[in-house]
Amino acid sequence: MAAYELKPETWVDQYADYLFNYAVARVSDAEIAKDLVQETFFAGLNSAKNYKGDAAERTWLIAILKRKVIDHYRKINSKKGKAEVRINYNANADSEGDWLEEQVADPFSKDGDNTLENEELGLAIQECISKLPKKQSLVFNMKTIQGMSTEDICNELGINPSNLWVMIHRARTALMGCLNQNWY
Amino acid sequence: MKISCEEASNICNKSQYKEAGGWEILKLRLHIIMCKACAKFTKENTMLTSLCDRAGLNVLSESDKDEMRKDLKKHLQ
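Chains as they are written, first to last, in our numbering: chain A, 1 to 184; chain B, 1001 to 1077.
Please note that the accuracy of each hint is not assured.
[Claimed, not checked] Here are some, though not all, of the chain A residues that point toward chain B, as calculated from beta-carbon distances under 7 Å:
id, residue
1, I125
2, N141
3, I145
4, W165
[To be verified] Per the computed footprint, the stretches of chain A lying under chain B, defined by three or more beta-carbons under 8 Å from a beta-carbon of chain B, are:
id, stretch
5, 11 to 17
6, 167 to 176
If you're looking for bench data, these hints aren't it; they were derived computationally from the structure.
Note that the Cβ used here is the ideal one computed from N, Cα and C, for glycine as well.
Based on the sequences and whatever the hints tell you, model everything.
Next comes the structure, spelled out in structure tokens:
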């Protein structure tokens, strides 16, 4: 039994961003994606006893999330009473002007291959980030992905700039090594 | 004009976030000409930045994660 044990207390730290990226790519809405990740964690808890240990925790959670994404599309389609999948890239964007032009300008529709590869790349990077020590991944995320200024991060975490750059340096070095193994 | 490898990597990291000054970048460039290790580091580091940009990464904010942790904990009991 012990060999197959899940560790739900570590889920948010280890998998939240990974699952979130996966979900955002599919529902194109951060709020909905967040809810789906949350639902995935709950569903994971509820069916934890079915976890046989034949897949990694991450793979298992992704499988649940896939179902949640499908359910989500089913729900919004049945609400509309429509049989087809609703595709709406700019659901929340302030749309003014020509509808067609806005659709064409959508960067995601340029070429499918690239989008897919970039998503895989994103997941590979996210996997590498989750292997970093907590503090390093936190600083790296704030700086690189959220694009916060050095000063803001230092204030929020109560560290000084040279601490920050040391952590950034360690994180980046580890990520380069990890991506060299997993991506190229 | 001469800088140590440590300083070079520091400037390189800063330049990934556009926080290195012009003078610093000049010093880094000169250092790279002479130092293979730092040249490799700079190349890979720049690559990492472009990969991260290309991937268009998304993360949840810490407050969102805190909420998730709390909800999960409640659910666990």
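Review point. Hey, does the I145 of chain A contact hint survive, CB to chain B under 7 Å?
Key: holds, 5 Å
Exercise for review: Count the residues of the stretch 11 to 17 of chain A whose CB lies closer than 8 Å to any CB of chain B, then report whether that count reaches three.
Suggested key: holds (count 5)
Exercise for review: Between the stretch 167 to 176 of chain A and chain B, see if three or more residues pass the 8 Å beta-carbon test, and mark the coverage as holds or violated.
Suggested key: The restraint on the stretch 167 to 176 of chain A holds, since 5 of its residues have a Cβ under 8 Å from chain B and three suffice.
**Study point:** Interface hint outcome for N141 of chain A [beta carbon to chain B under 7 Å]
**Key:** Holds, about 5 Å.
Check your understanding: Would the hint on I125 of chain A stand, with a C-beta cut-off of 7 Å toward chain B?
Key -> Result: holds, 5 Å to nearest chain B Cβ.
**Study point:** Interface restraint verdict for W165 of chain A against chain B (beta-carbon cut-off 7 Å)
**Key:** holds, 6 Å
Checked against the numbered hints above, the structure breaks none of them.
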